[in-house]
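Enquirer: Here's the letter readout for the chains.
2 protein chains.
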Amino acid sequence: MARPTVLDVAAAAGVSRATAARVLAGAENVDPAMTAAVRKHAELLGYETNSAARMLRGGRAGAIGLILAFNELGSIGGTFFTSVLKGAAMGLSAGEVQPVLLPADLEDRERIPRFLRSGSVDGAIVILQHEITHLVDQIMDSPVPIAWVGRPADDVGSAPIVVDCDNYDGGVQAGRALIEAGRRRIGIITGPPDMAQASARAQGWTDELARHGISPGPIVHGDFTVDSGAAAMARLLQRDPQLDGVFACSDLMASGALRVLQAAGRAVPTDVSLIGFDDVAIATASNPPLTTVRQPLEEMGRTAAEALLARVRGQDVASEHILPTALIRRESL
Amino acid sequence: MARPTVLDVAAAAGVSRATAARVLAGAENVDPAMTAAVRKHAELLGYETNSAARMLRGGRAGAIGLILAFNELGSIGGTFFTSVLKGAAMGLSAGEVQPVLLPADLEDRERIPRFLRSGSVDGAIVILQHEITHLVDQIMDSPVPIAWVGRPADDVGSAPIVVDCDNYDGGVQAGRALIEAGRRRIGIITGPPDMAQASARAQGWTDELARHGISPGPIVHGDFTVDSGAAAMARLLQRDPQLDGVFACSDLMASGALRVLQAAGRAVPTDVSLIGFDDVAIATASNPPLTTVRQPLEEMGRTAAEALLARVRGQDVASEHILPTALIRRESL
DNA sequence: CTGAAAGCGCTTACAG
DNA sequence: CTGAAAGCGCTTACAG
Numbered sequence: 002m003a004r005p006t007v008l009d010v011a012a013a014a015g016v017s018r019a020t021a022a023r024v025l026a027g028a029e030n031v032d033p034a035m036t037a038a039v040r041k042h043a044e045l046l047g048y049e050t051n052s053a054a055r056m057l058r059g060g061r062a063g064a065i066g067l068i069l070a071f072n073e074l075g076s077i078g079g080t081f082f083t084s085v086l087k088g089a090a091m092g093l094s095a096g097e098v099q100p101v102l103l104p105a106d107l108e109d110r111e112r113i114p115r116f117l118r119s120g121s122v123d124g125a126i127v128i129l130q131h132e133i134t135h136l137v138d139q140i141m142d143s144p145v146p147i148a149w150v151g152r153p154a155d156d157v158g159s160a161p162i163v164v165d166c167d168n169y170d171g172g173v174q175a176g177r178a179l180i181e182a183g184r185r186r187i188g189i190i191t192g193p194p195d196m197a198q199a200s201a202r203a204q205g206w207t208d209e210l211a212r213h214g215i216s217p218g219p220i221v222h223g224d225f226t227v228d229s230g231a232a233a234m235a236r237l238l239q240r241d242p243q244l245d246g247v248f249a250c251s252d253l254m255a256s257g258a259l260r261v262l263q264a265a266g267r268a269v270p271t272d273v274s275l276i277g278f279d280d281v282a283i284a285t286a287s288n289p290p291l292t293t294v295r296q297p298l299e300e301m302g303r304t305a306a307e308a309l310l311a312r313v314r315g316q317d318v319a320s321e322h323i324l325p326t327a328l329i330r331r332e333s334l
Numbered sequence: 002m003a004r005p006t007v008l009d010v011a012a013a014a015g016v017s018r019a020t021a022a023r024v025l026a027g028a029e030n031v032d033p034a035m036t037a038a039v040r041k042h043a044e045l046l047g048y049e050t051n052s053a054a055r056m057l058r059g060g061r062a063g064a065i066g067l068i069l070a071f072n073e074l075g076s077i078g079g080t081f082f083t084s085v086l087k088g089a090a091m092g093l094s095a096g097e098v099q100p101v102l103l104p105a106d107l108e109d110r111e112r113i114p115r116f117l118r119s120g121s122v123d124g125a126i127v128i129l130q131h132e133i134t135h136l137v138d139q140i141m142d143s144p145v146p147i148a149w150v151g152r153p154a155d156d157v158g159s160a161p162i163v164v165d166c167d168n169y170d171g172g173v174q175a176g177r178a179l180i181e182a183g184r185r186r187i188g189i190i191t192g193p194p195d196m197a198q199a200s201a202r203a204q205g206w207t208d209e210l211a212r213h214g215i216s217p218g219p220i221v222h223g224d225f226t227v228d229s230g231a232a233a234m235a236r237l238l239q240r241d242p243q244l245d246g247v248f249a250c251s252d253l254m255a256s257g258a259l260r261v262l263q264a265a266g267r268a269v270p271t272d273v274s275l276i277g278f279d280d281v282a283i284a285t286a287s288n289p290p291l292t293t294v295r296q297p298l299e300e301m302g303r304t305a306a307e308a309l310l311a312r313v314r315g316q317d318v319a320s321e322h323i324l325p326t327a328l329i330r331r332e333s334l
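Protein sequences appear in the order of chains D and B. Per our numbering, the very first residue in the first sequence carries number 2; after that it's consecutive. Per our numbering, the very first residue in the second sequence carries number 2; after that it's consecutive.
For the record, the hints were derived by calculation from the structure and aren't laboratory data.
No distinction is drawn between identical chains; accordingly, a pair holds when it is met within one copy or between any pair of copies.
SDA-like cross-link-like pairs, simulated, lysine to any residue; straight-line CA separation at most 20 Å: (1) Lys-41 <-> Pro-114; (2) Lys-41 <-> Thr-6; (3) Lys-41 <-> Gly-27; (4) Lys-41 <-> Ala-22; (5) Lys-41 <-> Ser-119.
In this text, all values refer to a predicted model and were calculated from it rather than measured experimentally.
With the hints as extra help, turn the sequences into a complete structure.
Expert: And the structure:
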């Protein structure tokens, strides 16, 4: 037999198609003998519900889209996204829902909005990256609910699900740790000026310094890559050669900064203390390993999955989910 | 209107449901005026084919499963898998097919075989890792075609699609490069004894040394992790303190070996030349960056996707796809 | 070239 | 508690 249907199971068990369907759907009010017979023959035949038929009948698709740019996968920088991806995919799997990957960096920009309208997925999780910014508008008026990991710059309509970490408090923690390490001439490598998350981190750092009566050292911008961190560090050293502390708003930038500091003859942490942000793989792979502000990336992915599934099921779900950051002490401080 | 169907489009365009369906399916033999009307109203209504209905009608699911263990995602070691994943997902996307992630490391081991029988996917790509070994039997008798990236140890049935790199030749290239660098006391850190790929790499290396009349130095085993590489390197140095060359069968192990060599006061490459395998992110992130044998991971993923899609479409497809390896010269040789 | 009709496999409201 | 029947939206063989 090709693929057995409910009808095959029903015939084998000697009951009607409706009864077989009821048993397979887990109904309680069915004669025990019939229930047993149906179960037995379903097992025997290797019956598996046809997902297309169930879906067409009005059920859920049983799948959620995971929208992310693919270009960085496989690189060091990609560990950020794969951590979120991992948490999201595991959260969905736990809910018996399939994660469908939707590469955001395709030429055909209509592809994703079209897919969201095809009924193939019950919702989507967007793992925000720079490359995705242009998609925000198109994704926004999706007919299925969306969860954003990372806060989109634009307004994204009514009651979106947004999962992020407490960027401001992360900045506060970084500032405090540098101060407590005795640093007083502290610079910062922040992100692009238009990126809210980076600004919040910088603001937390500034405020914490102010609370201790310390005025912030030089402020320079990077774009979250290793190279931009290196270039930014060179500028910081130029602006204040006596610098004794640096807060880089990503581990990748911290890693680039570390290289420049060492090349310039500044020992880390003896001469200069360095703190990163994210706690991705490169933080532990660096030499010395980086002290950093941890974003709970995997948990953020999982939270997005759980909140989205709840919304798909019609439950009430909070719109904002801000997870705590935590200082991870390693050897660069 | 909720979601427009062909019937809605047909009504708006003033034609029958059959004609509308024909136009939407791209049929040629339809009156131009009707064609234009249908196209226009489909666009106007934002019509999108209901994938469940099409699938039920007998079409393809339009989705392919990507089976991989999730536990390493987000770690440095995970860049190996995400590179393959990237290639595979892009290859599938290019074919207008959705990649569905199937985490292989779930407690419920029946989950994946069950899913493969549900008709939700037209096939699956298995990205092999140690954690997946136990799944091979269950995946093997899948009703849909499977493509393996990496060669399974067991026999996997008739005409499976297997994509791998030329491991033997990679070993040859590593051996030759070390010899050409003037090294004569060359050790190897290979993989687990039961892993065919690692054995092939070691064999290529041994044969190439033999061709040059050089007898292989000490041979030790690791399990592809950084720590196992470090431990293996310590054993190599113990067995031959005069060692001047090392071939590590993965970049992660090479990175661990590098750390031990440097700690032991051996400068790389001045005192000891080191070659890795894979060419993953850690190879460039090391200090010095690693010379390594490149596996075309992304291309392997893409090849698996293309071969599988061709088979799903009923085309004749080669069973074996062995892609070439290439020596990437950096600074550890 | 066009339309009426059947059927993919499922679930459930309805009648008994 | 059980069964006959309808219908989800699509595609295509068939009749015209």
